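Undergrad: Please build the complete structure, drawing on both the sequences and the hints.
There are 2 protein chains.
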Amino acid sequence: MSFQIAIGPRIRKSPFYNSTVKAGVSHFTTYNHMYMPVSYGDPQAEYDRLMNGVDMRDVAGQRQVSLKGPDALELARLLTPRNLDNLTPGVGKYVPMTNSIGTLINDPVLLQVEDDEIWLSIADSDMKFWAEGVAVAKGLNVQVFEPDVSPLAIQGPKADDVVASLLGDWIRDVRYFGFSKTELDGIPLVVARSGWSKQGGFEFYLCDSSRGDELWDKVAEAGKPYGIGPGGPNYIERVESGLISVNADTDDWANPFEMGMGKFMDLDQDVDFIGKAALKTIKAEGIRRRFCGLIMDGEPFKSTNSHQCPVTMNGDYVGFASALAYSPRLEWNISTALISTEAADHGKDLLVDTEYGMRQAVVTSLPFRRENA
Amino acid sequence: MSFQIAIGPRIRKSPFYNSTVKAGVSHFTTYNHMYMPVSYGDPQAEYDRLMNGVDMRDVAGQRQVSLKGPDALELARLLTPRNLDNLTPGVGKYVPMTNSIGTLINDPVLLQVEDDEIWLSIADSDMKFWAEGVAVAKGLNVQVFEPDVSPLAIQGPKADDVVASLLGDWIRDVRYFGFSKTELDGIPLVVARSGWSKQGGFEFYLCDSSRGDELWDKVAEAGKPYGIGPGGPNYIERVESGLISVNADTDDWANPFEMGMGKFMDLDQDVDFIGKAALKTIKAEGIRRRFCGLIMDGEPFKSTNSHQCPVTMNGDYVGFASALAYSPRLEWNISTALISTEAADHGKDLLVDTEYGMRQAVVTSLPFRRENA
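Residue numbers (the working numbering), protein chains in the order written: chain D, 1 to 373; chain L, 1 to 373.
Each hint should be verified, as a subset may be incorrect.
Treat identical chains as interchangeable: a pair holds within one or across any two.
[Unchecked claim] Here are the computed lysine-lysine pairs in the BS3-like style, where the Cα-Cα straight-line distance is at most 27 Å: (1) K68 - K348; (2) K68 - K276; (3) K198 - K224; (4) K283 - K263; (5) K13 - K181; (6) K68 - K280; (7) K276 - K181; (8) K218 - K280; (9) K13 - K302; (10) K13 - K263; (11) K68 - K13; (12) K181 - K218.
What the hints contain is simulated information worked out from the structure, not anything from laboratory work. Everything numeric in this text was worked out from a predicted model, so none of it was measured.
TA: Rendered as structure tokens:
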């Protein structure tokens, strides 16, 4: 079943939009009110590039929420259970965000780009409104806005070579989540070792949207010797790697403990961040569900899934499988899932109601590894 | 240029999704993290049905934000410049929402469905987070959540006949924005005389998402004698009627005065709603831009526009045309636009840089009328 996407003025074009069209984009999704390419019509080649070479991705939809002003850090502290005491200049931090009942509502990377300015590089929900709502009601001295910043990701084992050829060999020493302001032939950038894959690489946070096509061309040109090609957030690789996609993998009640994010939270800090009381209760009572991997039997899935799939054990509903894919590397049908701790501990006798019929499943930890099966 | 939309678990399916697929949906957009049909492949027939007959629309993407609890009304008052003193049970209210700098961020219809529960039936931005952020930071005694409520719209001059045949002739006496709780063969609904067109009609707020296909079938069956067929938010009619689409017609600085919403605001009320100080300043200084209509020369537009189009006067940028269409009824090329008051007052000598080339334009009031040209 395939449908066209209506292209209109309500949803924004990325600064790389024209370049992605020229590069042959075939499928879009929307992300933070912006069209985002997810495929160029050859999923196999896109997967291979990411695993063995290098791809370039228009991920401008990963918008920034800027907190700017004397109270920027105070506001940031209210917005995440993560302890921000030791925020290091030039090092990003993964910061789960929760609402008042402790539900995970976004999981951005936080970048302190100036003494008085913090960016939240967000997943797909309007954290601008969340942050400003809190700031206004608290009377904090901070502006909340979306700056003109649009990431272009370069991912895969050869990403370092491409980025080094553009910016110099110093980037090879940048640590994971390390970032710095720089420029490329006068194009203002923040370069960060990050990206939504586990294959390594960088994100170029373009800081002037009028120069998107120019940046795209420079990266494409520098990547030629390494076989670079366009890609999108890679569905198969993200399932293999167990990367979380908020709203795909979560629901209105999923909390960060269920999602395996305990290590990113500090409930004992003095800061009265949003969700603190609820998360303390959840921690004391123990979680009822756990985010994990499923390995399923039967014919290889021909495609990915279009909706969350119910999981049952002995006829009882125990949760849902969130993202299904056939892994060419593992030669398994795999899925991320959020299921009861009882089912996750039992680890077998599960049935998943997929678009390809009912499948038997066993549980495994994430990321998927041959030796864990 | 046409592209496919990726259908995956991150963006939600409407309760009417399967029915719209069966009905032959061809184009989707996304709206509040949900797939929303915009065309079934025959724009001419869809326009004709709306203007002369009746259509049915899956607008479940128009989600509700529920404010529930003792402080629900107090929270609602903080969220809109509209005076809510005389909220009448069973009558909805159009409530612009602004941020702290007075920018229009959403324009929902507010429905008080219980003494302690208010729904905001929202346009496409996460007002759930905005409302909860404010509520949490203010310590208000109110829950903010998205209830299981999904509107199905029935629009067009024959909509009353269809709805009367389903619910009874009493619905003919319901006033504009009037609503009431009811049921249809046991399916729980709120029925309201509303909808995003000026051709009249109703919205069925389905209150049990498991019964979407059942409701769809009942409406389709009852509508047969009246030639009902599927449709989406109609691009041409909405431009003709001058209906506002937040984010399509607005930008990060558009305020409700610019958008012609002065009559929906009360800056003198005691309530310290968000944006009050900024709006007072804007009112005192006068607006710099005005939302208006443009009539353009040249060949009829073959399609709608994919992005906002720059407008110039004597070579100077004066604003943007937001939604372009050829009106078969008026036999004009038309567009909504947000341009400088100077250009709007001058009314002519404008150039619009469209996807169909440069077009000359004159200004008119909204909605478009032959006699105003």
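Undergrad: Each hint should be assessed against the structure and marked as holding or not.
TA: Structure-based check of all given hints:
no., hint, in the structure
1, K68 - K348, "neither (50 Å within a copy, 41 Å between copies)"
2, K68 - K276, "both (24 Å within a copy, 22 Å between copies)"
3, K198 - K224, "within (22 Å within a copy, 54 Å between copies)"
4, K283 - K263, "within (12 Å within a copy, 50 Å between copies)"
5, K13 - K181, "within (25 Å within a copy, 40 Å between copies)"
6, K68 - K280, "between (30 Å within a copy, 24 Å between copies)"
7, K276 - K181, "neither (34 Å within a copy, 37 Å between copies)"
8, K218 - K280, "neither (49 Å within a copy, 48 Å between copies)"
9, K13 - K302, "between (30 Å within a copy, 21 Å between copies)"
10, K13 - K263, "neither (36 Å within a copy, 33 Å between copies)"
11, K68 - K13, "within (25 Å within a copy, 37 Å between copies)"
12, K181 - K218, "within (18 Å within a copy, 59 Å between copies)"
Violated hints for the displayed structure, listed by number in ascending order: 1, 7, 8 and 10.
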